[in-house]
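Colleague: Using the sequences and the accompanying hints, generate a full structural model.
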Amino acid sequence: MSRTQREKTMVLVEGAIVIAISAILNLIQFKGPWAAGGGISLEMVPLIVYALRRGFVWGIFAGFIYGFVNFIEGPYYLNPIQYLLDYGLAFLLVGFAGLIVIKDSDSRSVMFWKAGLATVISMVLKFLSHYVSGIVFYGSNAPAGQPVALYSLIYNGSYVGPSMIFDLIVMILLASAIPKYLVRR
Amino acid sequence: MKLIIGQFVPGDSIIHRMDPRAKLITVFIFVFIVFLANNPWTYGFLLAFTVLGILVSKVPFSFIYRGLKPVLFIIIFTFILNALFTRQGDVLISAGWFQLTTAGLKQAIFISIRLLAIIVVTTLLTLTTSPIAITDGLETLLKPLKKWRFPVHEFALMMSIALRFIPTLMEETEKIMKAQMARGVDFSSGSLVKRGKAIIPLLVPLFVGAFKRAEDLAMAMEARGYRGDVGRTKFRLLKWHGRDTGLLSVLAVLTAALILMRG
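Chains as they are written, first to last, in this note's numbering: chain A, 1 to 185; chain B, 186 to 448.
Calculated directly from the structure, the hints in this document are not laboratory data.
No residue lacks a Cβ here, since even glycine has one placed at the ideal position from N, Cα and C.
One should not assume that every hint holds.
[Unchecked claim] To be clear about the criterion: a stretch of chain B counts as covered by chain A if any three or more of its residues have a C-beta under 8 Å from a C-beta of chain A, and this derived list gives those stretches:
#, segment
1, 254 to 267
2, 338 to 344
3, 354 to 362
4, 386 to 396
5, 403 to 416
6, 421 to 433
Modeller: As structure tokens, then:
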């Protein structure tokens, strides 16, 4: 087996296990006053960690696959565009966290900033895809003239906002607990 | 805390035994053709197809309800929205700004049927098809994308490994959680910062264990001669039966009926 194939197998398997962790964390829902559409969970954290470790392309690929796994766990399918946005794009965009590269030589505070930035990037993009999805959904299912953008903002903001803060806290704590696992390989 | 993964309910109905490819194609086409419906007849067809699916699958209704629960809020909200803000047709009830018209009620019922049909049919797919079968089906159906260099094999492999490891890692998660709870960690109360701090002792062993496991698994695959998808054969083979053609025929009839009867 060539070195590159071995490396690739390793990255692939790691991605698969990270996806499994995300699926499990998704089941541990934290209930709270923010939960209009269910609780919030840490499902994005493993995907962000993976994107940081393995970069943009693998990050996107893992997010894409997690979308399918998440769908099998409990489909939430309203129309084809909503599916693409909520299951495809929302998770796939986590790969953009992989544009941030944490190096071994980074100081602790730089690592915190980078881990935080990666989290914010992926969560903002996730929010945007859910937000647009909400507009598309109510655009085709609500009578004309309704403030659909506002509905979508309230519904999606009510859980993506707290999720982002929670993910941010956890990512920074992780960067302090196991910094070498976030470093780009 | 209740941890249930996946929705698959093993069974022996004809829908359970159908080829995952046939079911995937059906769901994929169904979610498009529902938008053809626009009068009582066509919505009736959609409803009939959905109810027939539930009955033939022999899946207990409680499971279908469980799949519906997370979207019930959206369906009810959409129903109310349509009922209240459609201002055509005869007025049924009127009180101040509140007004329910015949057209509004009709619209609300139609859209609820459309949403219910879509959700129930997709839920039926995951209720009657094991995750691995869905992955196998997806792999075959996505194969044409290989031409555009989409890594179909890697996609299917990653998904199967992920699905295979969910139960294993779940056990590990529960074990770690119990161990931490025995030490007094409280996962379910306090501010976000406090809960974040509480979950770190769970995440760290989970991550470290996972990356170690990935290394072992990659080595085990290498030792068994894994070389990507070149010349790879399959353990689980998909077989297309008459019932699968039957399902697609029913779908074709439904599509034709929707096109012919729509107003």
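Colleague: Which of the listed hints are broken here?
Modeller: Structure breaks hint 6 only.
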